Structure formats: C-alpha cells, structure tokens
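> Sequence:
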Amino acid sequence: MLNYKKILITGGTGSFGKKFTEMILREYPEVKRIVIYSRDELKQSEMRMKYPPKDFPQLRFFIGDIRDRERLIRACEGIDVIIHAAAIKQVDTAEYNPTECIRTNIDGAENVIHAALACNVKRVVALSTDKACAPINLYGTTKLASDKLFTAANNIKGSRDIRFSAVRYGNVMGSRGSVIPFFMKQREKGIIPITHEGMTRFNISLEEGVRLVFFAIENALGGEIFVPKIPSYKILDVAKAIAPECEVKNVGIRPGEKLHEEMITETDSLNTIDLGKYYAILPSVSFSHSKEDFIKHHNAKSVEFGFKYNSGTNDEWDSVESLREKIRKFVDPNFTV
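One rule links them: number in our numbering = place in the sequence shown (from 1) + 140.
Honestly, the hints are just simulated from the structure, not real lab data.
Heads up, some of the hints might be wrong.
Distance windows between CB atoms, simulated [claimed, not checked]:
| no. | residue 1 | residue 2 | range |
| --- | --- | --- | --- |
| 1 | A258 | E385 | 30 to 38 Å |
| 2 | R351 | E170 | 16 to 24 Å |
| 3 | P197 | R394 | 39 to 47 Å |
| 4 | V391 | D433 | 27 to 35 Å |
| 5 | S428 | Y144 | 39 to 47 Å |
| 6 | N237 | F475 | 30 to 38 Å |
| 7 | P192 | L399 | 43 to 51 Å |
| 8 | E170 | G416 | 26 to 34 Å |
| 9 | F196 | S459 | 37 to 45 Å |
| 10 | E337 | D195 | 44 to 52 Å |
Since this is a predicted model, take the numbers as computed values, not measurements.
Cβ coordinates follow ideal geometry from the N, Cα and C atoms, glycine included.
Can you build the whole structure from these sequences, using the hints too?
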C-alpha cells in the first residue's frame, strides 16, 4: 500500500507522527520518502538522531508551519499521501489563545487542502478527535470545522484523482499530555487529582490509531470520517490501575471539559455506516457518491436510527487489570504496582 510512495506527515515530530514513521519503516520497507513537516527544530533533531540519514535516506525533515501555505506547497511537491496530524490540541491552551488555535487548526487545515490540490496528491487523511463531536470547547470546535473542510474538499477536487478523509478517535495511551503519564508522575507525590469521579473516556493505543489511518489511506472513497470501535475507561479505574495506594483528590471539571466523550451523535447516525471493525460518518453533502455508493464500497450497513457512540454508554470497557496490561504493553514495559 505505501511501498514506493512519498508521504508527508504534518506535525510529524508528535507522538502520532513518530509512531506512524516507525510503523511505516517496519512494515513498508520500500517506502520511497517520508517527509517530517513541523516547526520544532529540537524535536526534528532528536528524531533525526534516532533515524540517521546514512541509515534512513528516505526520511526528510522540513521545518515549516501549516499556517505557511507557500512553504507547505513546496514541501508537498511530488508527495502521494499526506497525513495531517499538526494541531493545537490542549483544551485549556486553546481557550486562552483562541486566535492561535483557529489559525493553526482551521486555517492550517485549509492550507493542507490547497497544497494537496496544487501538488496533485492522491490521498489525504486528517486526524480528528472525539472532542470534535458535539463540541463544547474551542479545540473541539476548530477540529469539527477542520473535519468539515476535509470532507467537503472532495467536492472541489475537479478531475483530480485525490481522496480526502479523516479519522476520529479518543484518548491515546501514553501520548504527550494524556492522563496516564500524568498519573504515573503524580504517583510519586502520593495524590492523584481527578476532575470528576464519574468521568469516562475512550481508550486507544498509538498503534491502533496508526492502523486506522492505514485503513483510511487504503479504503477511503472520499469524505468519510472513520471511527474505531474501542473500549472506554472510567477515570477512577485509571487511578486504581496506576496508584491504588494513593489518595484520589477531586479537583473539579476544567473549563471546556466533558464528563463523557462522544464520537458519533444521535444526529450523526443518519449518515453513519457500520464497517465491522470501524464506523464511518459519511459527508452530509457529496457530489460524487451516494450513501449507497459508500455502503457498497465498504461492504457496510447503515446503523440504526438514533444510534450514538458515547464513552459513558459504550458496550466495551477496560478494567483495572486490563488497563495495567495495556500500560505495560503500550506505555512502560517496566510498570509495576
């Protein structure tokens, strides 16, 4: 699928970009080029040390900001596949710096679309978030706008052979800013702060997130938002899994934070199909394909009217023990309680 292809990853020095690069190099050894596009020279330098040019000549590193359309177009020349992972992701940071969040998450998304169209890229997959579903904070709102831009981009591609799609998933185990590494550090202090005792979240590993993107690259018809079927966890169970001996302190829900996360709303169910391992939310407006086209292409079926996918009402749950096993597998192999 990706052998002999040229791939560009925006935000390529982040948690997802590094895992995506690792898995491409392992599973697609004939990949022609991987361009890491980001604005952090230190992280690029650290990544280059892990993948020295003499051993990994297919890796290229571009310093650039997705706000800079001209630089982005230059980086996309000759590229076959774009994975758009760059974003301002911290909820509180976005609330305090709204204009910066909009410029990166919305204007930056538009720049990626224009660069892809200008350079005749074949596939574009954008990373979304569960916070884009019925958003209540600016971060989620900007990512919903980004999703709409990418799905609608299929209507302006003209005769180009290009497909835009997105993937949406929940909290990633072990990623920067996620709760598990934070709790592991807090364990040393003897107190685990939680924002609400009833809070739940979806749970996915970085590898599972990469697999979802692989699926989108290979299978998207154009305009889908792919959603994985993954377990939920209770925040109290995460605290028990990591630090059962520590005091749990309720510090209150932060601004813009939900008690439960959604990935598919009841209204979304009108345009959602079940692919088996994944769901796909179809574009509300598509000039190229009907709902029946998507169902046939994916060998899928429509979900029931009124269906919704919520971390609090999910059918699959991680237990305290399964969380510990996943922490050892995906976060820290030396983790012990």
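> Regarding S428 and Y144, is the given constraint of 39 to 47 Å on their beta-carbon distance met?
Roughly 27 Å apart at Cβ, these two residues miss the hinted range, so it is violated.
> Check the following: the C-beta atoms of E170 and G416 are separated by a distance inside 26 to 34 Å.
Since the Cβ atoms of E170 and G416 sit about 29 Å apart, the hinted range of 26 to 34 Å holds.
> Go ahead and decide if the range 27 to 35 Å is satisfied by the Cβ distance of V391 to D433.
Violated - the Cβ-Cβ distance for V391 and D433, about 49 Å, lies outside 27 to 35 Å.
> That 43 to 51 Å hint for P192 and L399 (C-beta), does it hold up?
holds, 46 Å
> Take a look at whether the Cβ-Cβ distance between A258 and E385 falls inside 30 to 38 Å.
At roughly 57 Å between Cβ atoms, E385 and A258 fall outside 30 to 38 Å, so the hint is violated.
> For E337 and D195, compare the CB-CB distance with the range 44 to 52 Å and indicate the outcome.
For E337 and D195 the Cβ distance comes to about 49 Å; the hint holds.
> Could you see if the CB distance from F196 to S459 stays within 37 to 45 Å?
About 40 Å separates the Cβ atoms of F196 and S459, which means 37 to 45 Å holds.
> Please check whether R351 and E170 have a Cβ separation lying inside 16 to 24 Å.
holds, 20 Å
> Check the following: the C-beta atoms of P197 and R394 are separated by a distance inside 39 to 47 Å.
The hinted range 39 to 47 Å holds for P197 and R394, with Cβ atoms some 45 Å apart.
> Starting from the hint 30 to 38 Å, judge whether the C-beta atoms of N237 and F475 obey it.
holds, 34 Å
When held up to the earlier numbered hints, the structure conflicts with 1, 4, 5 and fits the remainder.
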